[in-house]
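The listed protein sequences correspond, in order, to chains V and B. For the first sequence, counting from 1, position 31 maps to 31 in this note's numbering; every step adds exactly one. For the second sequence, counting from 1, position 241 maps to 1241 in this note's numbering; every step adds exactly one.
Hints in this document: simulated from the structure, not taken from any laboratory. Predicted model only: the values in this text are computed from it and were never measured. Hints are not guaranteed to be accurate.
Said to hold, decoys possible - Far from chain B, by Cβ distances over 10 Å, these chain V residues were calculated:
| no. | residue |
| --- | --- |
| 1 | ALA14 |
| 2 | PRO109 |
| 3 | TYR142 |
| 4 | ASP225 |
| 5 | PRO234 |
| 6 | LEU272 |
| 7 | ALA287 |
| 8 | ILE333 |
| 9 | ARG352 |
Unchecked claim - Simulated coverage check for chain B against chain V, where a stretch passes if three residues somewhere in it have a Cβ under 8 Å from a Cβ of chain V:
| no. | stretch |
| --- | --- |
| 10 | 1076-1086 |
| 11 | 1262-1269 |
To be verified - Computed list of chain B residues with no C-beta within reach of chain V, every gap over 12 Å:
| no. | residue |
| --- | --- |
| 12 | VAL1070 |
| 13 | LEU1073 |
| 14 | ILE1105 |
| 15 | ALA1159 |
Backbone N, C-alpha and C define an ideal beta-carbon position, used for all residues, glycine too.
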Amino acid sequence: MLYREAGQFKTDYAADQQLFPIRQDRFAIIALFVIAFVGVPLAALMPGLSGAIDFNYWFNGVLIPFLIFSLAALGLNILTGYAGLLSLGTGAFMAVGAFAAYNFELRVPGMPMLLSFALAGCVAAAVGIVFGLPSLRIRGFYLAVATLAAQFFVVWALTKFSWFSNYSTSGVITAQKIVVFGYAVDTPVERYLLILAIVCVMALAAKNMVRGAVGRAWMAVRDMDVAAEVVGIPIMKTKLLAFAVSSFYCGVAGALYAFAYLGTVEPAGFELDLSFRILFMIIIGGAGSILGSFLGAAFIVLLPIFLDLSANAIERSFGLALPSGLVSNLTLIIFGALIVFFLAVEPLGLARLWQIAKEKLRLWPFPH
Amino acid sequence: MQFFFEVLIGGLLAGVMYSLVALGFVLIYKASGVFNFAQGSMVFFAALTTVGFVSMGAPLWAAAGLALAVMALLALATERVVLRPLVNQPQITLFMATIGLSFFIDGVAQLAWGANVRALDLGIADEPIDWLMDHTGLNISKFDLVASGIAAGLVTLLAVFFNRTRTGRALRAVADDHQAALAVGISLQRIWVIVWMTAGFVALVTGLLWGARNGVQFALTFLALKALPVLILGGFESITGAIVGGLIVGASEKLAEVYIGPHVGGGIESWFPYVLALAFLLVRPEGLFGERRIDRV
Chain V
1 MLYREAGQFK TDYAADQQLF PIRQDRFAII ALFVIAFVGV PLAALMPGLS GAIDFNYWFN
61 GVLIPFLIFS LAALGLNILT GYAGLLSLGT GAFMAVGAFA AYNFELRVPG MPMLLSFALA
121 GCVAAAVGIV FGLPSLRIRG FYLAVATLAA QFFVVWALTK FSWFSNYSTS GVITAQKIVV
181 FGYAVDTPVE RYLLILAIVC VMALAAKNMV RGAVGRAWMA VRDMDVAAEV VGIPIMKTKL
241 LAFAVSSFYC GVAGALYAFA YLGTVEPAGF ELDLSFRILF MIIIGGAGSI LGSFLGAAFI
301 VLLPIFLDLS ANAIERSFGL ALPSGLVSNL TLIIFGALIV FFLAVEPLGL ARLWQIAKEK
361 LRLWPFPH
Chain B
1001 MQFFFEVLIG GLLAGVMYSL VALGFVLIYK ASGVFNFAQG SMVFFAALTT VGFVSMGAPL
1061 WAAAGLALAV MALLALATER VVLRPLVNQP QITLFMATIG LSFFIDGVAQ LAWGANVRAL
1121 DLGIADEPID WLMDHTGLNI SKFDLVASGI AAGLVTLLAV FFNRTRTGRA LRAVADDHQA
1181 ALAVGISLQR IWVIVWMTAG FVALVTGLLW GARNGVQFAL TFLALKALPV LILGGFESIT
1241 GAIVGGLIVG ASEKLAEVYI GPHVGGGIES WFPYVLALAF LLVRPEGLFG ERRIDRV
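Kindly generate the complete structure, drawing on both the sequences and the hints.
As structure tokens, then:
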């Protein structure tokens, strides 16, 4: 009853096409923004609470990785979920972003941080276009394996050519301090706010893109590219644009991953594992859904933490010390089993569950 | 020139080993359309299980037999728990499920048998063949030759199985058209179990050969990554493709490492096969022996 669009009349096309056409959605989004931008930082600054909860851990260990992975998942979702081009090279594009931002900061004096993030995204987009070229000829799993070429080549090149890492051993880079408009972004709260702002802007941009002509072209290509071509959608432009936009998102995510999350990264940190994790996020969250990218990222970031915590709790309550190998293997088993379970129960991901919940909410608490 | 041949033959023999891994992929893809990322983990699991039974005192043949039984059980469980609930899902969903499956198998394997590197002795010496060394000066390992012999035998066996037996014909029917196969009374579930069992058997043979060569260790799971360029080169649906692709990848990878590697800093083995396969795909998008797709609106 509370969540109903009945009575919300649209009188012009602009109103009909807005990002969140249902009023309750708009309130929810605004509330979410207020909580994320104001509520969370204020809570962290409150002296009483910060004694009870370890906010540094929450920011560094949970919220910051969640936001960064959401951004990367968003990028992959544009490519795989919307344009239907399966990619296993996400880690490589993130690596390109991270190393490009590092080099812009290092080699261009007085480079504004945000500009170098954006340029890093552009460099990643260029690399994405190059490795996206095969998608014009091949598709499906053949394409997925072809993107692996990007994955291995980029990591190899970043390790081998030490110019990229300013001649450090084994390609390890230490990201520069983040300075935005002369203001040093240092504490976890500040970094959180910076990432949050970037992610919000880019997520809204993505949502805007996928409802417009570009997004519709992507979806048409995804659903059947021959048919899309017949109705006059330029296949080459559409596919390469998907690669470029997706890699841009992944590149910015990679730059943030290096600058605002880890601080010190090496090419080996962007291995295939990372690509798979991000692919899991969009599959579990829901391919072809902006919200799904966030839900999936939350799930994949939180699950290992949760498993770890429960292992600790079991150890403490039974007073036994589990061997570390056992715990990590059990985590692996549970992770694998959960993925299969999720796919079997809801192949369309968490976003679909949310959709079902919304349909139920329309009537709730009445039966009809 | 002699050095060139030595590298070439070494590469071809290594390629045979890649083909074995690729073969496991092809079997499952052909019959069920599942791109089974867990094949590498199955190789690891099979080898580790064999070594585990050997270390418990079983003779090698009995341990291998027991491992085969375990792989058969795994196939049954996979069909029941992973494939059956995911019938009719898009291929990418099934692919993701097999990645989940590979995590699961990795975890179970290490939980059951420990994560240490273990040696596996098949009783075949890994030393150069004297006769060849004396007459031509080529340094070729006896082990490699035996391994390719086994691979050839395995492929022949599979070819006979696919072409000459009732079950093999049913397998090919399912690969051709699921619905038509169901309509003539072929049990899809039974076929899937058989296919996964066969893939498990191939994984066991692969695991034993690779394990004897490099030790049974977690790195065996990365074999899947070695097999992927072989697959796209040869085509996902073709056993011949897996063999030819493996040979091409093995030979070109070793030659590239020796002749191009030094100029760009070495270590190009990790990506060269992929780039090669990519170049191939630009000419033939369905691989060398893959089925040509016809697009219809």
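Evaluation of the provided hints:
{"no.": "1", "hint": "ALA14", "verdict": "holds, 34 Å"}
{"no.": "2", "hint": "PRO109", "verdict": "holds, 30 Å"}
{"no.": "3", "hint": "TYR142", "verdict": "violated, 5 Å"}
{"no.": "4", "hint": "ASP225", "verdict": "violated, 8 Å"}
{"no.": "5", "hint": "PRO234", "verdict": "holds, 17 Å"}
{"no.": "6", "hint": "LEU272", "verdict": "violated, 7 Å"}
{"no.": "7", "hint": "ALA287", "verdict": "violated, 8 Å"}
{"no.": "8", "hint": "ILE333", "verdict": "violated, 4 Å"}
{"no.": "9", "hint": "ARG352", "verdict": "holds, 12 Å"}
{"no.": "10", "hint": "1076-1086", "verdict": "holds (count 4)"}
{"no.": "11", "hint": "1262-1269", "verdict": "holds (count 5)"}
{"no.": "12", "hint": "VAL1070", "verdict": "holds, 16 Å"}
{"no.": "13", "hint": "LEU1073", "verdict": "holds, 16 Å"}
{"no.": "14", "hint": "ILE1105", "verdict": "violated, 8 Å"}
{"no.": "15", "hint": "ALA1159", "verdict": "holds, 24 Å"}
In summary, the numbered hints that this structure violates are 3, 4, 6, 7, 8 and 14.
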